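**Q** Which chain is which? The protein sequence lines are A and B, in order. In terms of our numbering, the first sequence is numbered consecutively and its last residue is 308. In terms of our numbering, the second sequence is numbered consecutively and its last residue is 308.
Do not take every clue at face value.
The list treats identical chains as interchangeable, and a pair is accepted whether it falls inside one copy or across any two copies.
Restricting the straight-line Cα-Cα distance to at most 30 Å, the calculated cross-link-like pairs of lysine-lysine (DSSO-like) are [to be verified]:
| no. | residue 1 | residue 2 |
| --- | --- | --- |
| 1 | Lys182 | Lys83 |
| 2 | Lys182 | Lys40 |
| 3 | Lys6 | Lys163 |
| 4 | Lys273 | Lys8 |
| 5 | Lys6 | Lys83 |
Source of the hints: derived by calculation from the structure; they are not laboratory data. The model shown is predicted, which means the values in this text are computed figures rather than measured ones.
Number of protein chains: 2
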Amino acid sequence: MSDIIKDKLALVAVDWGTSNLRVWLLDAPGNVLGIRESEKGMGTLAQSEFEPALLDLIDGDLPFDRVTPVMCCGMVGSRQGWKEAGYMTVPCEAPGGAKATRAEVQDQRLALWIVPGVKQIGPDDVMRGEETQVAGFLAQNPDFDGVVCLPGTHTKWARISAKEIVSFQTFMTGELFALLSKQSVLRHSVNTAEFDGDVFRDALSDAMSRPQSIASKLFGLRAAHLVSDQSLSHGKSALSGYLIGMELAGARPYWLGMDIALIGAPALCDIYKDGLAAQGCFANTYSASDMTLAGLIAAFSDVRETLS
Amino acid sequence: MSDIIKDKLALVAVDWGTSNLRVWLLDAPGNVLGIRESEKGMGTLAQSEFEPALLDLIDGDLPFDRVTPVMCCGMVGSRQGWKEAGYMTVPCEAPGGAKATRAEVQDQRLALWIVPGVKQIGPDDVMRGEETQVAGFLAQNPDFDGVVCLPGTHTKWARISAKEIVSFQTFMTGELFALLSKQSVLRHSVNTAEFDGDVFRDALSDAMSRPQSIASKLFGLRAAHLVSDQSLSHGKSALSGYLIGMELAGARPYWLGMDIALIGAPALCDIYKDGLAAQGCFANTYSASDMTLAGLIAAFSDVRETLS
Numbered sequence: 001m002s003d004i005i006k007d008k009l010a011l012v013a014v015d016w017g018t019s020n021l022r023v024w025l026l027d028a029p030g031n032v033l034g035i036r037e038s039e040k041g042m043g044t045l046a047q048s049e050f051e052p053a054l055l056d057l058i059d060g061d062l063p064f065d066r067v068t069p070v071m072c073c074g075m076v077g078s079r080q081g082w083k084e085a086g087y088m089t090v091p092c093e094a095p096g097g098a099k100a101t102r103a104e105v106q107d108q109r110l111a112l113w114i115v116p117g118v119k120q121i122g123p124d125d126v127m128r129g130e131e132t133q134v135a136g137f138l139a140q141n142p143d144f145d146g147v148v149c150l151p152g153t154h155t156k157w158a159r160i161s162a163k164e165i166v167s168f169q170t171f172m173t174g175e176l177f178a179l180l181s182k183q184s185v186l187r188h189s190v191n192t193a194e195f196d197g198d199v200f201r202d203a204l205s206d207a208m209s210r211p212q213s214i215a216s217k218l219f220g221l222r223a224a225h226l227v228s229d230q231s232l233s234h235g236k237s238a239l240s241g242y243l244i245g246m247e248l249a250g251a252r253p254y255w256l257g258m259d260i261a262l263i264g265a266p267a268l269c270d271i272y273k274d275g276l277a278a279q280g281c282f283a284n285t286y287s288a289s290d291m292t293l294a295g296l297i298a299a300f301s302d303v304r305e306t307l308s
Numbered sequence: 001m002s003d004i005i006k007d008k009l010a011l012v013a014v015d016w017g018t019s020n021l022r023v024w025l026l027d028a029p030g031n032v033l034g035i036r037e038s039e040k041g042m043g044t045l046a047q048s049e050f051e052p053a054l055l056d057l058i059d060g061d062l063p064f065d066r067v068t069p070v071m072c073c074g075m076v077g078s079r080q081g082w083k084e085a086g087y088m089t090v091p092c093e094a095p096g097g098a099k100a101t102r103a104e105v106q107d108q109r110l111a112l113w114i115v116p117g118v119k120q121i122g123p124d125d126v127m128r129g130e131e132t133q134v135a136g137f138l139a140q141n142p143d144f145d146g147v148v149c150l151p152g153t154h155t156k157w158a159r160i161s162a163k164e165i166v167s168f169q170t171f172m173t174g175e176l177f178a179l180l181s182k183q184s185v186l187r188h189s190v191n192t193a194e195f196d197g198d199v200f201r202d203a204l205s206d207a208m209s210r211p212q213s214i215a216s217k218l219f220g221l222r223a224a225h226l227v228s229d230q231s232l233s234h235g236k237s238a239l240s241g242y243l244i245g246m247e248l249a250g251a252r253p254y255w256l257g258m259d260i261a262l263i264g265a266p267a268l269c270d271i272y273k274d275g276l277a278a279q280g281c282f283a284n285t286y287s288a289s290d291m292t293l294a295g296l297i298a299a300f301s302d303v304r305e306t307l308s
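Okay, chain A solo, but in the shape it has when bound:
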């Protein structure tokens, strides 16, 4: 099996975030030969540990008779990563391989690039990883004019026009949800896998019309559990609705009247799609993983000639 990969391997595409590392092994036409994953994210590694962490996953797949290109995106390119890959500044195209940073490697079988992030000055903002998802999306939808929303730990809203990222805005919604549902006093009142769409939509609408009440609404979930036996499912769905509702209120200048593409984990995209539908907006959804892979393949096509 590994010998088949070794014979055909033409590109290693790497999505290297803070807490996870995902590798695609691809043949020359871009078909996936294999996928490898580990929890050796950027946050767990010292600078010298990146190459060994990558080799842990692909050492046996690398041919000896030629150099294999590796194209990376994500926090691996931050100051605390393998090598700092800098930022492009909006308005700009989603940075491809032409702007990628070459990182030195010990293992001579590898040639490795890291895609830069994107920054915005005033209001200051940064992305690292999402720009590659946008690049992949635009590779497949070159004429898109509208807004791309990338829900996650730090949800991004990006205005796209004429193949460029015009501006973007990050919301800490996912991290707030994780902190509140796992580490705050609310953890006892939202601890369930169940989800109630009606409760979610009511809470979302509530937060959109009175966002200033969020800090109070949040404690209300605990209080209602204590004094009115409110269910865990109600608590969790309302928590999600309050936080996403506050985000949709803040991001309204982005999505109002725009074509909307959601790129993220499918279950999370469905929640955002539901919330936007309640505002009368239709959004198409795309898998973050698929868009990252498409973006990394597009980035590699920019540097292919420098290899030979």
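Assemble the complex: chain A is given as a structure, and chain B must be docked to it using the hints.
**A** Below, chain B alone, put in the same frame as chain A:
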């Protein structure tokens, strides 16, 4: 020393929260003979461990020739506490000793009461501990008509009229600040003891006019640190301003045009006082510790006769 306390001891007043235990030893006129503290908060104790945790602090001070009354408030009266002390429902007076729950004790030198909390149905809310601060404040300011704000982990705003708590609302501002400044991606960008009042007031005003932008403003603190070298002091002061500004926007129906009393830790009260002053509102400040003690003394006066 301990013998002097033993001779004069007339009341043990106990503020027993989730993470701390504080005990005042008082003589008959209410003078403080001694203060004892430990970190054996309700959250660290099983039901059988409360009495030993209290005796750890006061065993040597208890006389053998008479029963010493102990008046407690706080999470010690929750379902997970020593004994559940229930809730009064607003509108109601701040519950004193007449509504206190008697808890059984092993040590026959003690007679122990726990003050109930206060709840509100629709919108649901709860307090436990703050009601005793309100009782202490009203014991000293019996004619107060206005709003009491108790800043802390879960800040309470309570409307007071005709000696009653008419309604109240809790904001998770303090817990959000702790989670965001210590456990989120912002922790690298706000890690300082410095505080910049101008930045705080600007952020507060910003959040009050656009509360829906909070989740985005928060990530902006991280981004500005990364791409514009924004100082830690700026980050921390703005984080405080955004969160308190969102709270003041949500609590506006409470404080607008009202007499305001702030009861809390002096440094935190000063921040709230500063934020309210920026809205043209003057607030008097009172020490939470002093008000708790006054409330516990008032509660004891309600049950004194049942002792003999």
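**Q** Measure nothing new, just compare the shortest in-copy and cross-copy C-alpha distances for Lys6 and Lys83 to 30 Å and report within, between, both or neither.
**A** within (27 Å within a copy, 68 Å between copies)
**Q** Measure nothing new, just compare the shortest in-copy and cross-copy C-alpha distances for Lys273 and Lys8 to 30 Å and report within, between, both or neither.
**A** neither (39 Å within a copy, 69 Å between copies)
**Q** Using 30 Å as the alpha-carbon threshold, which applies to Lys6 and Lys163: within, between, both, or neither?
**A** neither (36 Å within a copy, 81 Å between copies)
**Q** Please sort Lys182 with Lys40 into within, between, both or neither, judging by C-alpha distance up to 30 Å.
**A** both (23 Å within a copy, 23 Å between copies)
**Q** Have a look at Lys182 and Lys83 and pick one of within, between, both or neither, based on CA distance no larger than 30 Å.
**A** between (33 Å within a copy, 27 Å between copies)
Checked against the numbered hints given earlier, the structure breaks hints 3 and 4 and satisfies all the rest.
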